[in-house]
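Each chain is listed here by its residues.
Number of protein chains: 2
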Amino acid sequence: MELIFLGTGAGVPSKERNVSAIALTLLQELNSIWLFDCGEGTQHQILHTSIKPRKIDKIFITHLHGDHIYGLPGLLSSRSFQAGEGLLTVYGPKGIAEYIHTSLDISGTHLNYPLKIVEMNEGIILEDDKFTVHAKLLDHGIPSFGFRITEKDKTGELLIDKLINIGIKPGPIYSQIKSNKMVQLEDGQKLYQKDFIGPNKKGRVICILGDTRSQKDYSEFVKGADLLIHEATFTSDKVELAQNYFHSTNTEAASLAAKSSIKQLLLTHISSRYQTEDDQRILAEAREIFPETYLAKDFFQFHIATKN
Amino acid sequence: MELIFLGTGAGVPSKERNVSAIALTLLQELNSIWLFDCGEGTQHQILHTSIKPRKIDKIFITHLHGDHIYGLPGLLSSRSFQAGEGLLTVYGPKGIAEYIHTSLDISGTHLNYPLKIVEMNEGIILEDDKFTVHAKLLDHGIPSFGFRITEKDKTGELLIDKLINIGIKPGPIYSQIKSNKMVQLEDGQKLYQKDFIGPNKKGRVICILGDTRSQKDYSEFVKGADLLIHEATFTSDKVELAQNYFHSTNTEAASLAAKSSIKQLLLTHISSRYQTEDDQRILAEAREIFPETYLAKDFFQFHIATKN
Ligand SMILES: [Zn+2]
Ligand SMILES: [Zn+2]
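Same order as they appear, the protein sequences are chains A and B. The first sequence begins at 632 in my numbering and counts up by one. The second sequence begins at 632 in my numbering and counts up by one.
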């Protein structure tokens, strides 16, 4: 589970920061990659990473502003060109389907893979045996969603020492115990899984919020996340500007993290008014409130380790 | 009059070549810049040039394939953000208006400048006192246009030696002669412009063709151009592939130039199957047929000098 920031700027691309896109690589977990937002030039950024477009099988769009969607038609087309054949699902606010279909139709683009478009509402938008994704409406003038990606808890480790102690040696029996509540041996002895499996491994939680003001309280939604990715379009001195333009400051993001038992906070969606020399200030202001804050840059990679 | 190639690849962006866009800078002539096609990432490429988006006041779209239009919504938005306030006119095939309006509307984008969209047919699409632009339908499966940009001839130089010889010294009278067919002096003497102005300065002609097959003959349309910009998606060994996919080869483009009294040929829209090491072959094959051939690269600048 690794995040690759493909675009960390706001509104317009600059030489330092492209417009929004974040890849969540789940290669070990699902052999796939999820993309969050797809600003113009996302496919160009991908050319400079190890990401294979055909591995991207889900794209989540937080909201329909141009700097979050204008790279979508190009990426969908190129994925087809690059032999992506598996189903791709796009989740986004109402309007995303018309945008995609109009762009593909008018440009005469035929995809070589099935495309499913889900216009989502708040609530659980995706659940399989490994992950749940919740969506929540934020406060951005137009519908903008936050996503809470919850990895399901995994069965604990097999207690090998304990099995060997009672004379059961490594073999096919071990995987039987791992996948069955009870296994009966040839001699009639019953082995209960709960006796030979350690505690569940807690799944990881990542919250990725779309653009939003910070007037409402999202602490319930992001509570306890291992990582919160939050916009910080402005610095703390521009709090009114942030409010007027439906954005947040670095310190507003840090305050949410501080009161929500977040482990780590990653700031992104930085206005092009800020230059590289402002990075330290953006970070320092936020760290005064929430020490475990990091500032994303384009091509920044962030690993989220498994727990226990 | 200078061309800046912003994207010289075909279909999908690569690290070496972005998708199609060419800027024609007419800063001296009109204090403006015209753009031909606008593939995804064109505004990103512009960041690495001296081009100011607010100077772009006309965009010509050859055809609606994604690699020629997906950068348009982003460029239009960013031009607004960067204080472009003057009228922008987009010329393109039928469908371009729906594409632009849908993209801007769904993304909630409001432009700070007036935008005019002209869905063009064949013929003269633009004429002012300095330039004429003709459009012609090519052969690309979907409507794809070529443009012939003709600079109007300019009045020749004032023959100063001749004026001095008859005793007329430099002064306001010189500009009167330049701008009037006949000027009468205080002593009643009549000076006829035609006697004191050298031959007209011929205007320059540039032809920029959109994607096209080379089965039909476009020599009438491009005849005598100072510069022909032609696609060369494939090399000569792939002539059948080119035909099937409605594209041209390098040698087909060179053949058109050779029989059309073209001064210089510039090849662009090179398939991503070709690498930098193929450049020499692409060029050499074409030069066997038409020696004055050049191969465009991203950020390549090409100056077209005034004539006489
Ligand atoms: Zn936004
Ligand atoms: Zn085309």
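Some hints here could point you the wrong way.
Identical copies go unnamed one by one, so any copy, or any two together, can satisfy a pair.
[What the hints assert, rightly or not] Taking lysine to aspartate or glutamate pairs in the DMTMM-like style, the calculated list, with each CA pair at most 20 angstroms apart, reads:
(1) K683 to E647
(2) K683 to E817
(3) K800 to D784
(4) K725 to D736
(5) K821 to E729
Just so you know, the hints here were simulated from the structure itself, not pulled from any lab data.
Hint check results:
Within a single copy, K683 and E647 get their C-alpha atoms only as close as 23 angstroms, which misses the 20 angstroms cut-off; across copies the closest is 18 angstroms, which meets it. Taking the closest pair of Cα atoms, K683 and E817 never come within 20 angstroms of each other, the shortest separation being 49 angstroms inside a single copy and 81 angstroms across copies. With identical chains, the CA atoms of K800 and D784 are never at most 20 angstroms apart, being 27 angstroms at best within one copy and 95 angstroms at best between copies. Both within a single protomer and between protomers do K725 and D736 lie at most 20 angstroms apart by alpha-carbon distance, with minima of 18 angstroms and 13 angstroms respectively.
For the homomeric pair K821 and E729, neither the shortest alpha-carbon distance inside one copy (58 angstroms) nor that between copies (69 angstroms) is at most 20 angstroms.
Of the numbered hints given earlier, the model fails hints 2, 3 and 5; all others are met.
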